[in-house]
Amino acid sequence: MQSLPTILRLSSFFSIFIIWFLLSLTIDHRLFVSPVDVLIDLKYHLIEGDLIDDTLITLTRAGISFFIAMFLGSIIGYALARFKKLNYFFDSWVIIGLNIPALVLVIIFYIWIGLNELALISAVVLNKMPIVIVNIREGTRLLDKNYFHVAKVYQLSNFTVWIKIILPQLYPYLITSARTGLSLIWKIVLVFELLGRGSGIGFQIQVFFAFFDISSILAYSIFFISIILIIENFIMIPIENRATHWRK
Amino acid sequence: MIDIKISNLNKSFLKSNSANKFEKNILQILKNFNLDIKHNEVLSIIGPSGTGKTTLLNILSGFDPHFTGNIEINREISGKKISFIFQPHNLLPWLTAHENVKLVSSQESLQQNRAYKILSELGLKDFINSYPNNLSGGMRRRVSIARAFVNNPSILLMDEPFVSLEKPLANQLRDLTISLIRKYKVTTLLVTHDLREAIMLSDRIIFCTESPMNIVLDKKIEISKPAKYESDEVENLYKEIMNLYPDILSAK
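Note that the protein sequences, when read in sequence, are chains A and B.
Residue numbers for the first sequence follow this note's numbering, beginning at 278 and rising by one.
Residue numbers for the second sequence follow this note's numbering, beginning at 1438 and rising by one.
Worth flagging that the hints you see were computed from the coordinates, not collected in a lab.
The structure displayed is predicted, hence computed values, not measured ones.
Some hints here could point you the wrong way.
What the hints assert, rightly or not - Below are the DSSO-like pairs computed for lysine-lysine, each with C-alpha atoms no more than 27 Å apart in a straight line:
hint : chain 1 : residue 1 : chain 2 : residue 2
1    : B       : K1562     : B       : K1518
2    : A       : K429      : B       : K1656
3    : A       : K441      : B       : K1562
4    : B       : K1554     : A       : K429
5    : B       : K1656     : B       : K1475
For reference, chain A alone in the conformation it holds in the complex:
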């Protein structure tokens, strides 16, 4: 019985391809390609094309942006929760950051800084950071004061307090920020590449769009989504399980 959810998930996944395949046979149009055509194109881009290079470029941009946003967002979120005056001052900045459209931000940065990596990464970081700030600020506000009493009575060092008392309480908020961040960042990186870079998956999709090459667009998309699913299942979920194993 335990394998039933797995069977259902796999059936759901394959049903998408079956429906897609049947629709492609029914519609029979060059712009509605079959999954078989896409797989053939995927093989071509993997072996003879630039799919691996483009993926690495996009992942590098997403990765750098992700770590900067998580690092700065966590520090700022913690500081805002700890220092009320700082929070009163910067709260409206956070709200603006949460609501400013990603597209506006990247266009401004491309104009101000130029069509380069710095502009792209800065725009992605500023898009993602407010979400991390809000999460960590909330998590820090909910830190249990009783554990700090234990730390004080038994004279635990600041390092021990951070590692054993503060971070374990912030893990759920860090993990939520990381998971939502990952899904947000890779999508906006693609859009930003399409708008102003000469490499990466977003740029390649723009080229395929110019030629109405729907098969290659889908091949690139499927490959990149697979990579993100691998990161989610083999990195993010194990980290989450490890951080919250004591709850089981």
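Using the hints provided, position chain B relative to the given structure of chain A.
For chain B alone, coordinates are given in the frame of chain A:
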């Protein structure tokens, strides 16, 4: 010999005015409060809620540094550790029983593997790798007692440690705690609302009024030790105190 000497201790809080939320009143919890606790003495403080008993423990434990007055700890023991048994067990849920006790262990305790030894002594040998969520209420309380004794403390502070526990379990843990207090010769300050508990555990009880906290009765407890919570001796002394001072538990 005096282990803890509290002189002219003052502590106040800012309290919101219910009529005008922008106006704050100063609430004086402790005003020129004085108390001596003798070496190896078990002293209980009894008083109504909000008296300032927990505030006093927080000041003594170093958690609340905002006070005026003087607290002197006996020089012979001042280098040693103060321990605290909290009202909630305050075990870190992401650490095992063993890790919780090890976390507060001194270098000396770590070298002697005292965390393991004291957990075993308290009957938790088979549960040292269990997380608090997987332990019963009594086991969690025993881990917190083990944590309090792991560094062989000189001073133990207890803030209503057995409240909200079922009677048989509370009695069992009282017996266990007092046996450890006697074994390790720990000067102890207990805050409680339970007069029978105070009689059973203490050498002396002080009864306090609220805001500011004032000692209205300082009573030496002279019964045979170790005493049982439900023994006739405890019950008789309880009745004697209540007959002599019927309003003592709600002193204003």
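Status of each hint after checking the structure:
A threshold of 27 Å between alpha carbons decides the hint, and for K1562 (chain B) with K1518 (chain B) the separation of about 25 Å falls inside it, so the pair holds. For the given pair, K429 (chain A) sits about 32 Å from K1656 (chain B) by alpha-carbon distance, which is inconsistent with the 27 Å threshold. Restraint check: the Cα-Cα separation between K441 (chain A) and K1562 (chain B) comes to about 23 Å, which is no more than 27 Å; the hinted pair holds. As the CA atoms of K1554 (chain B) and K429 (chain A) are separated by approximately 24 Å, the hinted pair is consistent with the 27 Å bound.
Distance restraint check for K1656 (chain B) and K1475 (chain B): the Cα-Cα separation of roughly 14 Å lies within the 27 Å cut-off, and the hinted pair is therefore satisfied.
In this structure, only the earlier hint numbered 2 is contradicted, and the remaining ones agree with it.
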